[in-house]
Amino acid sequence: MSLRHALALILLAALLVTAGSLHSSLADIRAGYSDEFRSYYIPSSGYMKVASLGQRNFWADLIFVWAVQYFDRYGEEVRGANLLRTFDTLTDLDPRFFEAYIFGCLFLSLDQEWDALYRLADKGIALNSKNWLLPWEAGTYAFFQAKDYEQAARYFQIAHDRNPGEILIKDMLANSLKYRGDYGRSLDFWTKIRDQFEGDDSPRGRFFRLAADRNIFDLRVKIDLRRLEAAVAAFSKERGTLPQRLSDLVRDGFLPGVPMDPYGEPYLYDPSSGEVRCSKPFNFRGAYGQW
Amino acid sequence: MIPTRESARLFRSQVWAIARNTFRESVRSRVFYILLAFAVGLLGFSYVLGFLAVGIVRKVVLDVGLATISYFTALTAIFVGIGLVYQEIEKKTIYNILSKPVDRGRFILGRYAGLLLVLLVNLAAMVAVLSLVLVLVGGFTPRIFAAAYFTALELMVLTAVAIFFSSVASPVVSALCTAAFYVIGHTSTALPEVLLPQVESILGRKFVVLLYHVLPDLNMLSITNLVAHDLPVAPGFTPRATLYTLLFVVILLSASALSFRRRDLL
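As you go down the protein sequences, you meet chains A and B in turn. Residue numbers for the first sequence follow this note's numbering, so the first one is 59 and each next one is one higher. Residue numbers for the second sequence follow this note's numbering, so the first one is 34 and each next one is one higher.
Please note: incorrect hints may appear among the correct ones.
[As the list claims (entries may be wrong)] Cβ pair distances, simulated, as ranges:
| id | chain 1 | residue 1 | chain 2 | residue 2 | range |
| --- | --- | --- | --- | --- | --- |
| 1 | A | Arg143 | B | Phe84 | 22 to 28 Å |
| 2 | B | Val206 | A | Gly78 | 37 to 43 Å |
| 3 | A | Leu67 | B | Tyr182 | 50 to 56 Å |
Bear in mind the hints are in silico, worked out from the structure with no lab data behind them. All of these numbers come straight from a predicted model, not from anything done at the bench. Ideal Cβ positions, reconstructed from N, Cα and C, are used throughout, including at glycine.
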């Protein structure tokens with residue numbers, strides 16, 4: 059090996075060592091950045107639409123892979139600010155990217171970002187007009203986690219309109235209507251479910267029949283109690299005293315008649331507090347539930 | 034009848050001879066193989082990328098695959114096509130051809146056909162690799178051939194653009210202009226979609242709409258989104274897109290032939 063070759067090799071090795079040390083110093087600087095800094099790398103959807111040069115799906119996929127893989131790396135406080143923007147951008151690029159809405163809603167539910175979740179779900183529902191799974195998912199997050207029965211009923215209604223034959227959607231719609239306080243519509247749904255499974259002795263049929271019976275019982279009681287309590291309150295407001303018996307409400311024109319509970323017995327009334335309640339709770343094996 | 038048939042046969046044989054030579058010349062280009070290798074590598078990588086995106090392997094492979102094909106065939110068209118006419122003039126090899134009874138227009142057409150053939154072979158190779166990756170992930174769909182057809186239409190336009198600039202300018206200028214055409218063609222869709230909502234004056238809005246209709250829109254020749262989401266192509270779309278492409282190609286090749294005929298090569 060000539061001296062020139064040896065010198066060239068030494069120079070090359072020195073350059074490699076310098077590059078290596080530069081690399082580690084750059085890595086140190088980079089490690090010092092906050093998570094927030096790194097998450098700013100996603101540009102706006104308008105910019106991405108132009109910069110993708112017609113391949114919007116490709117860039118949407120890349121952002122999706124990034125969002126899924128790095129979700130755990132960011133702190134909740136950073137995610138909250140950027141999660142919706144990330145999924146908003148990638149669904150702007152590919153509005154039919156169904157999985158992006160599903161995962162976006164999942165991540166937003168983990169951070170309890172309910173308004174952001176509803177925004178993303180609404181966008182996906184509007185742009186995927188035949189899909190029922192997304193309103194179903196959004197409804198379950200609203201019902202079970204956010205306990206927002208207004209939103210849950212709205213999403214289950216959309217899912218039901220798009221897939222009227224699915225019994226689980228009917229079940230959840232009826233439940234969310236009940237929790238929202240819309241007892242009349244909920245009772246209609248449970249009655250339809252009960253009729254659908256009449257005479258069906260399969261485990262599924264018996265399960266839904268029992269669920270329907272329990273809810274029909276509960277809703278009838280709730281509807282009656284609501285009417286009775288309203289009449290008691292009106293009586294008390296007008297007369298300045300509570301009625302002694304429920305029949306006083308009929309006598310003085312506050313009710314057309316005193317309703318009976320689902321067992322056919324009168325509701326129990328406490329004249330000292332004005333409280334009205336059912337004589338017995340729902341009996342799973344009793345006369346009312348056909349179990 | 035006989036002279037017409039004879040001239041048609043001569044036309045075909047001359048154009049085919051130039052196209053065949055262009056093909057041979059282009060496939061010897063290193064740029065062609067480097068770009069093909071990168072594209073095949075990226076198509077293979079789509080397989081890995083697909084598994085990083087939970088549960089949507091097929092969509093990712095399709096999107097990444099079709100985007101790779103679009104980007105890399107366009108790059109090949111630009112880098113291989115830009116010097117095809119200019120270098121013939123620079124190296125003075127064009128005199129060997131033009132000293133024979135070959136019309137300059139036929140020379141342009143032969144060059145165009147040769148380059149297009151190279152690009153179609155390139156496209157076929159990439160589609161074959163993408164099909165293989167899709168078979169591996171269990172998501173093969175014959176509709177990628179429909180997507181490839183539309184990519185071929187785009188390549189027809191881009192090749193005509195590259196040939197046009199190559200016949201009037203140096204390779205560097207030609208590369209810049211062809212690349213600019215590609216960028217404009219793929220960003221003009223954003224004018225009504227992104228720019229228009231931000232313009233407030235009525236005159237400004239009219240200008241944006243006019244600009245959009247004047248500029249070429251290459252995104253119209255893409256059905257990637259429809260293939261990825263298993264959506265049908267609207268009836269009448271394919272023949273219209275083909276006609277749109279052919280119109281562009283005829284205009285550009287006529288312009289190339291006219292400018293090349295007027296050019297003083299001495």
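Q: Any hints from earlier that this structure breaks? Give me their numbers in increasing order, please.
A: Hints that this structure does not satisfy do not exist here, as all of them hold.
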